[in-house]
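A.B. asks: Assemble the dimeric complex from its two separately framed chains, guided by the hints.
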Amino acid sequence: MTIIQAREITRSFEGMEVLSSLDLTVEKGEFLAITGRSGVGKSTLLAILGTHDRNFSGNLLIAGRHTCDLNSSEMAALRREYLGFVFQDFYLLPSLTAMENVILPVVFSGGNLKMARSQAEDVLKMLSIRTDQTKTSLLSRGERQRVAVARGLVNRPSILLADEPSASLDEESEQILFNLLDHSRKQQGFAVIAVVHSKSVLKRADRILELKDGVLHETI
Amino acid sequence: MKPSEIRFALHLWNRGHWRDYIFSQGMLLTASLLLIFFISIGLGVQNVLDRFLSSDLPAEQVRVTPPGMQAGFFQTETGGMEITEDIRISLEEMPLVAKVDPQIYAHVPAYLRGHLGGQPYYTDITLEGVTREFLGDSLLESIDWSYSLEDSSKKLLPVVLSENLLLLYNAGFAESNNLLGLTPEGVIGIECTVTLGRSSIAELDHTPVTVRARIEATSRNMNLFAIGVPFEFVDQINFLFLPEDTRRYSALVITAESAEDVPSIVREVEETGLRAETRRGIAQKAEILVGAVTAALSALAAAILLSALSSAIHTLVNDLRNRRFALGVLIALGTPYNRLAMIFSFQIFFMSMVTTILGASLGCLLAWGASSTFLSLSPTLRAAVDTLAVFPVGWLAAGLGVMLAASTSIAYVFFRKILRIPVTSLLRP
Chain A
1 MTIIQAREIT
11 RSFEGMEVLS
21 SLDLTVEKGE
31 FLAITGRSGV
41 GKSTLLAILG
51 THDRNFSGNL
61 LIAGRHTCDL
71 NSSEMAALRR
81 EYLGFVFQDF
91 YLLPSLTAME
101 NVILPVVFSG
111 GNLKMARSQA
121 EDVLKMLSIR
131 TDQTKTSLLS
141 RGERQRVAVA
151 RGLVNRPSIL
161 LADEPSASLD
171 EESEQILFNL
181 LDHSRKQQGF
191 AVIAVVHSKS
201 VLKRADRILE
211 LKDGVLHETI
Chain B
1001 MKPSEIRFAL
1011 HLWNRGHWRD
1021 YIFSQGMLLT
1031 ASLLLIFFIS
1041 IGLGVQNVLD
1051 RFLSSDLPAE
1061 QVRVTPPGMQ
1071 AGFFQTETGG
1081 MEITEDIRIS
1091 LEEMPLVAKV
1101 DPQIYAHVPA
1111 YLRGHLGGQP
1121 YYTDITLEGV
1131 TREFLGDSLL
1141 ESIDWSYSLE
1151 DSSKKLLPVV
1161 LSENLLLLYN
1171 AGFAESNNLL
1181 GLTPEGVIGI
1191 ECTVTLGRSS
1201 IAELDHTPVT
1211 VRARIEATSR
1221 NMNLFAIGVP
1231 FEFVDQINFL
1241 FLPEDTRRYS
1251 ALVITAESAE
1261 DVPSIVREVE
1271 ETGLRAETRR
1281 GIAQKAEILV
1291 GAVTAALSAL
1301 AAAILLSALS
1311 SAIHTLVNDL
1321 RNRRFALGVL
1331 IALGTPYNRL
1341 AMIFSFQIFF
1351 MSMVTTILGA
1361 SLGCLLAWGA
1371 SSTFLSLSPT
1381 LRAAVDTLAV
1391 FPVGWLAAGL
1401 GVMLAASTSI
1411 AYVFFRKILR
1421 IPVTSLLRP
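Residue numbers (our numbering), protein chains in the order written: chain A, 1 to 220; chain B, 1001 to 1429.
One or more hints might be untrue.
Here are the computed lysine to aspartate or glutamate pairs in the DMTMM-like style, where the Cα-Cα straight-line distance is at most 25 angstroms [what the hints assert, rightly or not]:
1. B:K1099 with B:E1277
2. A:K135 with B:D1319
3. A:K135 with B:D1020
4. B:K1417 with B:E1005
5. B:K1155 with B:E1141
6. B:K1417 with A:E74
7. B:K1154 with B:E1141
8. A:K135 with B:E1005
9. B:K1417 with A:E121
10. A:K114 with B:E1082
11. B:K1002 with A:E100
12. A:K203 with A:E174
13. A:K125 with A:E210
14. B:K1417 with A:E172
15. B:K1417 with A:E27
16. B:K1002 with A:E81
17. A:K135 with A:D122
18. B:K1002 with A:E121
19. B:K1099 with B:E1082
20. A:K203 with A:E30
21. B:K1099 with B:E1141
22. A:K212 with A:E27
23. B:K1002 with A:E74
Derived coverage of chain A by chain B (criterion: at least 3 residues anywhere in the stretch with Cβ under 8 angstroms from a Cβ of chain B; other residues may be distant) [what the hints assert, rightly or not]:
24. 78-88
25. 92-98
26. 103-112
27. 170-180
Just so you know, these hints were derived from the structure itself, not from any lab.
Since the model is a prediction, treat every value here as computed from it, not as a measurement.
Glycine residues also receive a C-beta, built at the ideal position from the N, C-alpha and C atoms.
With the rest of the complex left out, here is chain B (with noise of 0.2 angstroms):
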């Protein structure tokens, strides 16, 4: 049977009835923007959080910092205890520990200078130097990570600039300033000079000292706060400004020999009175969240789903029940029951699969909407995230087809049961 045959056929059953439908389309239709909606905005956040998670620790790896200790309205650096090189040693030592990578800040004044967009840019830096293995990324892999002061003349300063920080440039100072944002693709080969000794509002004794810098990458890493620099370089410059300062670091990134060993590392930690942070933050608990209110909304709206298609069906049903003389005179005429079961699940497939398409694309254009809305009243957020909709086309479609395929595989059974009743049965009064 052509569909254009069967599509004749079901006009002429249904002129007059269409509006029966109405009340279950309806359902079906609310049903799949929900559906859609939620499983769209869910899955933005998540992967919002995801993008936050991944810049986090791996799951085998510890932070270890200094304790703050807040006196009035200060707070201390490290609440009185530093990391020392011993420290670093007999955390290295310790059993179930693979390696540990230090983290140093420069504890100079320091500012840089540049140009950006054509205007020039200065500002008060504070440098982190960090070895590879710390930053943990693959991007340096390809990048020269070695400088001392005596390649100055010969090399750029290699420079890994956060991602917080261009966050906190494109949402603050960029606003403020009526400047353009800049993108993590965009700062990469920028160039500019880091005078250390000096800043806006402090300077030492020592004479200053000016390099030549390269932004050679970005990171996500929540470990680097703002600059990141080779470690050795920060090390030597502390050891030029201030010689009489023993080496202090500001972090170490202990990684375990596996993940499951990370609990009892953290507690050795703590008992020597540093912090021990892991990945398990405030984003992990977030993300579980956000993924359980997101899969127990979906829930809900699958099931208002299925019970709309279920509606449908009955719908489709109990007319063919208020119809069966119809029926019943279509069979006697010589209409095969399989045809008509076939014809009847059509119906539903077609209507379903219209009227879900239709649930959905509103699904999307809602999520979308909200998403811009809420992006535009929230300029931080929008200039970390393009989107809080995510739309896994595939899926959907593949998770929206296997319904559909299992609602009219159902219906064609009950169509097919409906069918079985004796011609005599259905044309008697």
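The following block holds chain A by itself, in its conformation from the complex (with noise of 0.2 angstroms):
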């Protein structure tokens, strides 16, 4: 099932062309490797898949919905119900707790806190981070790095998308991170898009994109 139909996507920079009438299809539970050069506008696809960069000409359809017609209100709501992102920095706010860091876009969002703590232990839980008082701030990177991606998956996403999740990690905690990730995937079916370089992190992945001159390569 096609989770993410990506059509013609044309997004330039001051006259540039990063992005050139790329097409891309996406199925439900995959694992899509993305991996390219520096600058060559990886993070700039994440952020169109993410509908989070609008300005670019071309189609691109979420679970069968033309992006182009949302207005921002039901944007938001088709990122709460589709998306889950996971951040290169984490972005985490530092004086809150594991558990309060992922639940937080859903109390912003009005959502229901309590089901929300439910998910948020049950995925904690998976992902084994701890969810005591300890602020993040505290926390060791790979395990700051989960909390992240645990914040991504909260709220059962349908595509998650991640920037170089691995980036400032060992290998070990790469490892392991990405061992959580798959495992997540198969219980959950969610499909995965993430920008990553890792050798080890390429071979999990079930088709692998390279981006080159505004276009996407399937590489063996």
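C.D. replies: Next up, the structure:
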């Protein structure tokens, strides 16, 4: 089942075309790895797929819905319902605990807090993150990254977008993180679109696409 | 979104950041404290002046008195010029004059005897004969304001007591003799005897006349200095004891056809050599001055309050700018812009409201304390007024409400502007 369908996506910055009529289809439960040289437009592509960047031409369908037709409230609802994000620099609130960081988006969105807590507990447990009152500022980098992943998964998304999630992790922490992600993906059936460089992570991907000259090239 | 959910969201968002707001909230507290203090004290002082002014002449009236003249240590009563019947008639015939009401003093020694709080009371007095119109108070409407010596066996002499006299009694006589003070309401109904032709320092050849009297009302009218009784009675007494004297008025109150005519009447009266007074006295000037100072200080405090509110908004806006990554994450994960703007506006509203109410309460407390302290230092003022601080709670609450609503709306616009920054920009290092 197709969860993302992008057709002829073009994005320019100050007259320079970064993405040129790019096509991409992502199936449910798939692990898609995107590689490419630095500055080639990987993060731009992820921002477009995550509906954060809307200044592009072309068509983007998420779960069968044309994103161009949505207003900001509908777009926010689409993100809550279908999308999860893991950022390279985590962006956690350091004075909050892991649990509080994970449920924060739900708290601000006015969602069901009781259900969010229950789901957060499950995700945190699954990712082996402590649920005590320790502030995230006191956690190790690997633990913080896992909290960021937990926050991306708490709303049970259909697609998890991750921008170099293991960029600053050592090899062991990277393996732990992707083991957990693989496990969750198999349990929940969400698709993962991740910008990665590590060869060991690339081996885990169902498909590897290299972004070059504004278009994606499938690699073996 | 329920209030408890908003509270929880703000509790999480602000954890570790509450100290950022201390300065702006401190400014807001101080500003609201100063504003309420200046307004309540300013209004209180104006109220006191208003009270004195209200007992002054109405705008369309002119009080005419003989000019005083100083001779060595002595001040002559009339300075050589007296207000006679001819002068009264000539003033009455002046253009633009609607009517002339006379006042006359009893030119005979007199004393009063009675009981106050069970204690015998004696004092020398001067009676002032006034017409109902002279006092111009509606309080005389229900009182039978006619009395002559022939009535003395049938009814009591009606007396209107000047509150100025009551003030002198409370602040001076009662204090120095350890007696209880009297309220205007408390003296009404007191009966006494008034003896004319005798006092503790003088006596006339004529047999004294004693009548029973009753205090029917009190008056704040500044034209009345001591004890007002019906004009005809004083006129009769003067003629009885001093038959060779011609009638001399102590004052006349001219009522102009309109307040605009007063200046020209004053000019004409002064040309005759008499003294003309209008309500444009020191009290009115003081009221204008106090009003101006109060307005200036209140405006200053309001400006400080506005600046403090701006500072509070600025602090939160800056806080949001500094935490743009966290904001970006919230938006990226599906929090609608409107909801975020609403939550942060609520924070401004709630924090400002709590601080402002606290500041306003402290301002009230400070004004009340200042008033009590000042009055305790001035027994004369304490006898005249209850408080120097006035709290128009409804108006203040409405004003602060409007200010809070306006600042919250402005904050909302600012927050929406910040939140409109694309997520990609918010998340860019």
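A.B. asks: Can you confirm whether chain B covers the stretch 92-98 of chain A, using C-beta to C-beta distances below 8 angstroms and requiring at least three such residues?
C.D. replies: Three-residue rule met by the stretch 92-98 of chain A, so holds; n is 4.
A.B. asks: What's the verdict on A:K114 and B:E1082, does the C-alpha distance respect the 25 angstroms limit or exceed it?
C.D. replies: violated (95 angstroms)
A.B. asks: Between A:K135 and B:E1005, does the CA-CA distance stay at or below 25 angstroms?
C.D. replies: holds (22 angstroms)
A.B. asks: Taking only the CA atoms, is the gap from A:K125 to A:E210 under or equal to 25 angstroms?
C.D. replies: Roughly 34 angstroms between the alpha carbons, so the hint for A:K125 and A:E210 is violated.
A.B. asks: Quick one, are B:K1155 and B:E1141 close enough, alpha carbons at most 25 angstroms?
C.D. replies: Holds, because 18 angstroms separates the two Cα atoms, which is no more than 25 angstroms.
A.B. asks: So if I understand the rule, the pair passes when the alpha-carbon distance is 25 angstroms or less; does A:K135 with B:D1319 pass?
C.D. replies: OK: A:K135 and B:D1319 at ~20 angstroms, within 25 angstroms.
A.B. asks: Given the hint that A:K203 pairs with A:E174, does the C-alpha gap stay at or below 25 angstroms?
C.D. replies: Holds, at about 13 angstroms.
A.B. asks: Verify this for me: three or more residues of the stretch 78-88 of chain A with a beta carbon less than 8 angstroms from a beta carbon of chain B.
C.D. replies: holds (count 8)
A.B. asks: Would you say the stretch 170-180 of chain A counts as covered by chain B, given the rule of at least 3 residues with C-beta under 8 angstroms?
C.D. replies: Contact hint for the stretch 170-180 of chain A vs chain B: violated, 0 residues under 8 angstroms.
A.B. asks: Measure nothing beyond the straight line between the CA atoms of B:K1099 and B:E1277; if it is 25 angstroms or shorter, mark the hint as holding.
C.D. replies: With Cα atoms ~16 angstroms apart, B:K1099 and B:E1277 stay inside 25 angstroms; holds.
A.B. asks: What's the verdict on B:K1099 and B:E1082, does the C-alpha distance respect the 25 angstroms limit or exceed it?
C.D. replies: holds (20 angstroms)
A.B. asks: Does the alpha-carbon distance linking A:K203 and A:E30 stay inside the 25 angstroms limit?
C.D. replies: The given pair, whose Cα atoms are some 14 angstroms apart, holds under the 25 angstroms limit.
Consistency with the previously given hints fails for numbers 9, 10, 13, 14, 15, 27, ordered from lowest to highest.
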